[in-house]
Each structure stands twice: as structure tokens, then as C-alpha cells.
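Sequence order for the protein chains is V and X.
Under this note's numbering, the first residue of the first sequence carries the number 1, and numbering increases by one thereafter.
Under this note's numbering, the first residue of the second sequence carries the number 1, and numbering increases by one thereafter.
Where hints are given, some of them may not hold.
[As the list claims (entries may be wrong)] Using C-beta positions, here's what the derived DEER-type ranges look like:
#, chain 1, residue 1, chain 2, residue 2, range
1, V, Glu348, X, Pro168, 57 to 67 Å
2, X, Leu49, V, Asp263, 42 to 52 Å
3, V, Gly384, X, Thr304, 22 to 32 Å
4, V, Ala349, X, Glu9, 49 to 59 Å
[As the list claims (entries may be wrong)] Every beta carbon over 12 Å from chain V, so not counted as near; a handful from chain X, in silico:
#, residue
5, Leu4
6, Val18
7, Ser22
8, Pro26
9, Arg37
10, Ala41
11, Gly122
12, Leu162
13, Glu178
14, Ala183
15, Gly191
16, Gln237
17, Gln284
18, Glu335
Simulated from the structure, these hints should not be mistaken for lab results.
A virtual CB, placed ideally from N, CA and C, is assigned to each residue, including glycine.
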Amino acid sequence: MNLDFTPDERHFRAEVRDWLRTHVPKETRPDDGPEMLAFDKAWQRRQFEAGWAGIAWPKEYGGAGLSLMQQLIWFEEYALAGGPYLGCFFVALSHAGPTLIARGTDAQKAFYLPKILAGETPWCQGFSEPGSGSDLASLRCRAVIEDDHLVVNGQKIWTSLANWSKYQELLVRTDPNSRYKGITWVIGDMELPGVTIRPIKCMHGAADFCEVFYDDVRIPLKNVVGEVNDGWNVAMATLGFERGTAALAEQIEMSRVVEDLIDLAHDRPGPDGLRPAIQDDEFAARLATLRAEVAALRAMSYAAISRGQRDLVPGAEGTLIALYNTETMQRIFRTAADMMGPEMLDLEASPSRWTSQYLRSVMQTIAGGTSEIRRNIIGERVLGLPRGR
Amino acid sequence: MVDLLVSTEQQQIIDSVVDFLSVELPLARLRPDGNNRPDSALWPIMGELGWFMTSLTEAQGGLGLSAVEEALLFRQLGRHLLTPNVLASAIGARVAAAAGVDELAAAIASGQQPVALGNAVGRVSIGARISGRFHLFDAAGMPLLLLTDGVGNAALVATASLSLLPRPSAVDAMSLHEARLDAVAPLALAGPDLGAHVTLRLLAASMLAGVCEQTRDLATDYAKLRVQFGQPIGAFQAIKHKCADLALRADAVGHLVNFASIRVANRAEDAVFQATAAKLLGAQYALINAKETIQIHGGIGFTTECDAHHFLKRAHVYDLIGGGYRQQQRFLLEEPAPGEEPVA
Numbered sequence: 001m002n003l004d005f006t007p008d009e010r011h012f013r014a015e016v017r018d019w020l021r022t023h024v025p026k027e028t029r030p031d032d033g034p035e036m037l038a039f040d041k042a043w044q045r046r047q048f049e050a051g052w053a054g055i056a057w058p059k060e061y062g063g064a065g066l067s068l069m070q071q072l073i074w075f076e077e078y079a080l081a082g083g084p085y086l087g088c089f090f091v092a093l094s095h096a097g098p099t100l101i102a103r104g105t106d107a108q109k110a111f112y113l114p115k116i117l118a119g120e121t122p123w124c125q126g127f128s129e130p131g132s133g134s135d136l137a138s139l140r141c142r143a144v145i146e147d148d149h150l151v152v153n154g155q156k157i158w159t160s161l162a163n164w165s166k167y168q169e170l171l172v173r174t175d176p177n178s179r180y181k182g183i184t185w186v187i188g189d190m191e192l193p194g195v196t197i198r199p200i201k202c203m204h205g206a207a208d209f210c211e212v213f214y215d216d217v218r219i220p221l222k223n224v225v226g227e228v229n230d231g232w233n234v235a236m237a238t239l240g241f242e243r244g245t246a247a248l249a250e251q252i253e254m255s256r257v258v259e260d261l262i263d264l265a266h267d268r269p270g271p272d273g274l275r276p277a278i279q280d281d282e283f284a285a286r287l288a289t290l291r292a293e294v295a296a297l298r299a300m301s302y303a304a305i306s307r308g309q310r311d312l313v314p315g316a317e318g319t320l321i322a323l324y325n326t327e328t329m330q331r332i333f334r335t336a337a338d339m340m341g342p343e344m345l346d347l348e349a350s351p352s353r354w355t356s357q358y359l360r361s362v363m364q365t366i367a368g369g370t371s372e373i374r375r376n377i378i379g380e381r382v383l384g385l386p387r388g389r
Numbered sequence: 001m002v003d004l005l006v007s008t009e010q011q012q013i014i015d016s017v018v019d020f021l022s023v024e025l026p027l028a029r030l031r032p033d034g035n036n037r038p039d040s041a042l043w044p045i046m047g048e049l050g051w052f053m054t055s056l057t058e059a060q061g062g063l064g065l066s067a068v069e070e071a072l073l074f075r076q077l078g079r080h081l082l083t084p085n086v087l088a089s090a091i092g093a094r095v096a097a098a099a100g101v102d103e104l105a106a107a108i109a110s111g112q113q114p115v116a117l118g119n120a121v122g123r124v125s126i127g128a129r130i131s132g133r134f135h136l137f138d139a140a141g142m143p144l145l146l147l148t149d150g151v152g153n154a155a156l157v158a159t160a161s162l163s164l165l166p167r168p169s170a171v172d173a174m175s176l177h178e179a180r181l182d183a184v185a186p187l188a189l190a191g192p193d194l195g196a197h198v199t200l201r202l203l204a205a206s207m208l209a210g211v212c213e214q215t216r217d218l219a220t221d222y223a224k225l226r227v228q229f230g231q232p233i234g235a236f237q238a239i240k241h242k243c244a245d246l247a248l249r250a251d252a253v254g255h256l257v258n259f260a261s262i263r264v265a266n267r268a269e270d271a272v273f274q275a276t277a278a279k280l281l282g283a284q285y286a287l288i289n290a291k292e293t294i295q296i297h298g299g300i301g302f303t304t305e306c307d308a309h310h311f312l313k314r315a316h317v318y319d320l321i322g323g324g325y326r327q328q329q330r331f332l333l334e335e336p337a338p339g340e341e342p343v344a
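The following block holds chain V by itself, in its conformation from the complex (with noise of 0.2 Å):
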């Protein structure tokens, strides 16, 4: 066991802080809006002409092709750096963009993986529906085959920025008596005719997420993705993709968050109103114990990058590490508005960025994986207990 990094990756370290500290957007991220995307646009832009786009994805396909501690350096630099949310992004680059890597066709790459990468394609992703949640399997919005189209009719639901973005990863229902085997992934233009998009506003304040509908919207059958009524493995196959390096990104913004929150204790009275709240007995023991938490955190991190080094199969630590990242951030933002007193209530109170993230991170143990599913997984693929009847 071993935490001294190479020579090499000290370089590169120092390349990447050099960089990112000069490039990253002095501003902040506007969170709704045209303002936000062109924001996004912006940065995705300038990481791109710098050969920064795509650290994770392979040269051959235009990404900065970097191994993977390389990208737990990137990371780790870009949060120190201040760096903003991928936001309108984070699908294109961490999951649609790998998707066409490993099952698209020539074609397909060619034409949609760089207009990813220069920052001109939002993507977002049509899994959910109404009715079919965690049980994404049992999805039924219908596609039928007409010609050299597929005909979709349906709905999505809780699609992240689908009113931002330029495609959509969609998966259809195009056979109805096989279940896993009667899905298809296909690739979604969101301005085609009889697509209409519904944002949703959400519990803090904003429209993270929308509802699409389809009404006789044809997609050409080249935008399938791998075969007909294989969508599933493809969906599969790359699921695990998101949960690698980018949550290193998130704890080290925990981790500071934390700090700050420890240096917020020493001057903000307590409860009492008399005495700093570190002198707290419980926000001084919550606080700790996220220190230690998000210190754990990084260690997973560490050690789940070190089986991807060894090429070992991935298991299911993306799983407990997501499970983990989540109901810690959850925590550490409780303590934020426990801390803020009253003042929580009022969101131009400073500091006021806390109520907002409070909220919404009420929202991370449900999306891309409920907390539940997640224990169903752990419980299942890593403690070999039995499925339920």
C-alpha cells in the first residue's frame, strides 16, 4: 500500500493546478436559464481548446485520454480550483459520450462525440417514466418500427435539463412481451417534431428536471445504438461509468464545505446565543465525525481507483461509495442549516447558499439510484443474500 504519487503525476499535478487556477470561470454558475447555458457552453468550450474535453474518454476519440489516477488528479485539482458543476454536461461527457464509445457505430461517433466535446451539444437522459422508476426495466414509452424510422409514442419524467439540452438518450419500449429484451436505445433529437418538454419545478426553488412527451415523433433507425431491442445491456454497460472518478470531484467540495463550516462554528454563536457554536457539544461532534466521514470517503475513492489500476472487474463499490457520498452530503448540509439558526428560513441571509443546497440535496438520495436500491444492490451483488419474492 503506497499514497506517494509518481513523479510523473507530480507534474502533471502541477500542470493541471497551473491551468485550472487561471482558467476556471471567476464567476458563479448561474443555476437556471439561458444564462446557464451558455455558461456551461462557455466553459466546456475553453476546457476543449485547452485539450482538457473528455479527460476520461480515449485520444482516438478526441478526449485528453488520461489514465485514471490522472483523472483522480484532475479532479481532485478542479474542486481546489473552485471549478463549476458540469451541469447541462454531466450526461453528454460521463455517460452518452462513453455509451457511443463502446456501441456506436462509426458513424455515430463521428458525427455527435465532438460537438460533445466543443461544448455545443447538451445531452440528457430519457430513462425514467411515470411508471416505471426503479423499476426502470418495466419501461413502456413505445417505439414501433415504420420503414427506416422508429415511431415513438410515451412519456419520460425527472429528466435533468431535457429543456437544455440538444439530444437525449432514449430508451424505448419496441417489444412489449419481453421485458428486458424488448428495449432499445436510441438517440433522441429534442427539437424533432411531437417532442414537448415540461420543466418541473423542484422543492428548492428551480427546475432541475422536466417531462417529456412524444407524440408520433420519428427517429431515424441509424440513431439506434448498438441492436434493436438490446437497450438494455447498452444502457448497462456503461452505467457504471459515472460513479468512478467524478465523485471525487463532489467530496473534495464536501470536504471544503466541512471546513468551512468548522471555521463558521469558531465565529457564529451557538445555540445559546452566548458561546461560539464549536463550544456546541453536538455541532462540535457532528462536525467531527463529518470530517472523518468525508475523510473515509476520499479513502474509498482512493482504493476503488487502485482495483481500476489493477484492471480488477469493477465491482459494486461504485455502489457503496455513491450510497455513501450521498447520505453524507445530506448530513453535512442538515448541520449547514442547523447551524444557520433561524437565519435558515430567510434565503438572502448569509450565508445564504446553504438553505438552497440544503434542499436540494434532499433530492441525492433519489436520483440516479435511490438510497434503497442501492442497499438492494450492496445487499444482493456484494453480501450474496437472496432477492425477496
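Starting from the known structure of chain V, arrange chain X on it as the hints suggest.
Coordinates of chain X only, in the frame set by chain V:
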């Protein structure tokens, strides 16, 4: 190169320790009808296996292994719920060596002079004269006593020079004595430079990580076997999710201990931070894991016919040595946050 997984050589060390423990110190020894030999009888064998000399240099008669391998060893000792005195011997050898009492160091490391742990109860004073109230575990037949405080002072004293008051122990197969010291002179004394408190936190954290792992395995095995309502209880989400949480806590603490052990071995700036974080998290998680393991076992889990209760009781012992998790939380808040990684 960064690598947080055990190497082939380290795995061999772990395997040989597990082989020894499952034969000589199975959990069954703790049962009411268990054949529980006094620990001191095993000390020379443990010494021969090198358990108390992993961190002594080869010149000092040690194996020249680092805190990393030592922590891996202690994780297995925790899985088998060994007496906390194994910590006292491993640290006691260091204290004697640091104080320049080489013969004593060698006698401790070889297991010929077993060391019991004296755990501070309330405020104590450790220096050229030692005063305060201490709890002693399994002290019978142990000629030496290791005493530590929270800030890194550590001393060895002769057990025979103290009057020990037997106390009714809450922990099965572990005796408890109380000793009140008033200006007792130590045989050997080491200050904070040695970092005895950091080693103690790391190795206790590792034993607690072992408790987290063993409870995960015990509870999961039972959840696969026990049938109610026509299916193994582990098929019910209520139980499955508890088991998943046991696994998550074991995973989190296990990797954190590995991370901390490397930082301690390298005497890195954040060594105290990481070791303290590992101990406070290890204690909280081991205590929950042990309690939930009893719950998953249901009625039998609350009886002495099941091993689950030993994990809860001994998790409390491992937590309390060197200061319980509430104290460790205060210690951790006094540490600076880990700094940025250096660049070339």
C-alpha cells in the same frame, strides 16, 4: 505509485495470522464453556510470531515492517476480539526502545515480559512521576503496565509495585482492575515525539475496523440461514438493508484505516488527523454494527449462546482505550485540515 489495496506479500501476512487465530484463539474461547486460557500464556508465542515488534527496526530486533502491516495485523486481532493488551505490548516495546531501555524493549517484543494496558479514567498525569486513576484489563500474570494520556505521554511501570483493586467486569472473559497511582516512578517514559497516542489510535481503529468486518460477516451469514415466513430473513429488505449498512460501515472504516496507516508510517503532516478520524469513526461504526448484528440475530442474539454480544462489549473496550469517541471528536477538531497534495 498510489495503491490502497493490500499487496500479495501483505495478504500472505494476513493469511498466516488468520490461520493462527482460528486455531489458537477462536471466538468460541469467549463462551461460558469456552476453554479460555489466560492470555499471558500465549504471549511468548505471539512474541515469537513478531506481533509486538513489527515497527521496531531490524537493529532493534524487529521485523522492519511498517505501521501499514502492523495495522493489517491488528485488524485481524480485532476480528478475533483479542484483549487490548496486544496493543500495550506493541506500544510498550516502542516506549522502552525510545527510552533507551533496550533489554526491556527486547523482552517486551519477544513476549517474555507481557504488558497490560492501563487506561486513564478521568484526568491523569504521566511524566517522571505518574498519578491518576486507571483501569487495567486482563492484568493477571502481566508484569508490566503501559499507561498513556491523550497528548502522547506514555510510560511503563511494574505491575507488582501497584495495589490492584478487582472490579466486576462488564466484558465476558476480560478481567477488570482499578489502580490509583500517586507519584509512581516509571521504568521507561516517552514523550509526544514518539507518538504513542497516534499509534494507539491507529491500532485501536484497526481493531474496530476488524469488529465492523466480522459483524458484517456474522450477521450476513445468519441472514442467509435463518428462515422465517418461508424465506431466509436476508431476502427481506428490512434485514437486507441493515446488512448493506454493516457492509458500508466496514468498507468506509477499513479503507480509512489503510489510508491512515500509510500516513502514520510516512510520518506525514496529516498522520494525527487521519489516525484520529479513523478511531472516532471506527468506534461509532463498530458500536452500531455490533448492536445491529444482535438485532439481526433476534432472540438468540441477546443470549450468551450467540457470539454477537461479545462484539458490542469489546467494541466499547476498543473505543474507550486512549479516550472514547467523544474525546476523539474534540481531538480531531483541534487538528488542522489536511493540506494540498505537493506538486513537482
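Exercise for the section: Using the Cβ atoms, figure out if V:Gly384 sits within 22 to 32 Å of X:Thr304. Expected result: holds, 29 Å
Exercise for the section: Would you check whether the claim that X:Gly191 is not at the interface survives, using Cβ distances to chain V and the 12 Å cut-off? Expected result: holds, 26 Å
Problem - Distance rule for X:Leu162, whose beta carbon must clear each one in chain V by more than 12 Å - result: Holds: least Cβ distance 34 Å, greater than 12 Å.
Problem - Given as non-interface: X:Gln237, which should sit over 12 Å from chain V by C-beta - result: Label violated. Min Cβ-Cβ 7 Å, cutoff 12 Å.
Practice task
Confirm or reject the statement that X:Gly122 sits farther than 12 Å, beta carbon to beta carbon, from all of chain V.
Solution key: holds, 18 Å
Practice task
Starting from the range 42 to 52 Å, see whether the pair X:Leu49 and V:Asp263 falls in it by beta-carbon distance.
Solution key: Since the Cβ atoms of X:Leu49 and V:Asp263 sit about 47 Å apart, the hinted range of 42 to 52 Å holds.
Exercise for the section: Starting from the hint 57 to 67 Å, judge whether the C-beta atoms of V:Glu348 and X:Pro168 obey it. Expected result: Between V:Glu348 and X:Pro168, where Cβ atoms are some 60 Å apart, the hint holds.
Practice task
Please confirm whether X:Gln284 is truly not at the interface, meaning its C-beta sits more than 12 Å away from all C-beta atoms of chain V.
Solution key: X:Gln284 not clear of chain V: closest Cβ-Cβ about 7 Å, inside 12 Å.
Handout entry: Interface exclusion of X:Val18 relative to chain V, criterion Cβ beyond 12 Å
Key = Answer for X:Val18: holds, closest chain V Cβ roughly 18 Å.
Practice task
Against chain V, does X:Ala183 hold up as non-interface, every C-beta pair farther apart than 12 Å?
Solution key: Per Cβ check, X:Ala183 is outside 12 Å of chain V; nearest 34 Å; holds.
Handout entry: Distal placement of X:Pro26 relative to chain V, Cβ over 12 Å
Key = Per Cβ check, X:Pro26 is outside 12 Å of chain V; nearest 23 Å; holds.
Problem - Non-interface claim for X:Ser22, where every Cβ of chain V lies beyond 12 Å - result: holds, 21 Å
Violated hints, listed in ascending order, are 5, 16, 17 and 18; each of the other numbered hints is respected by the structure.
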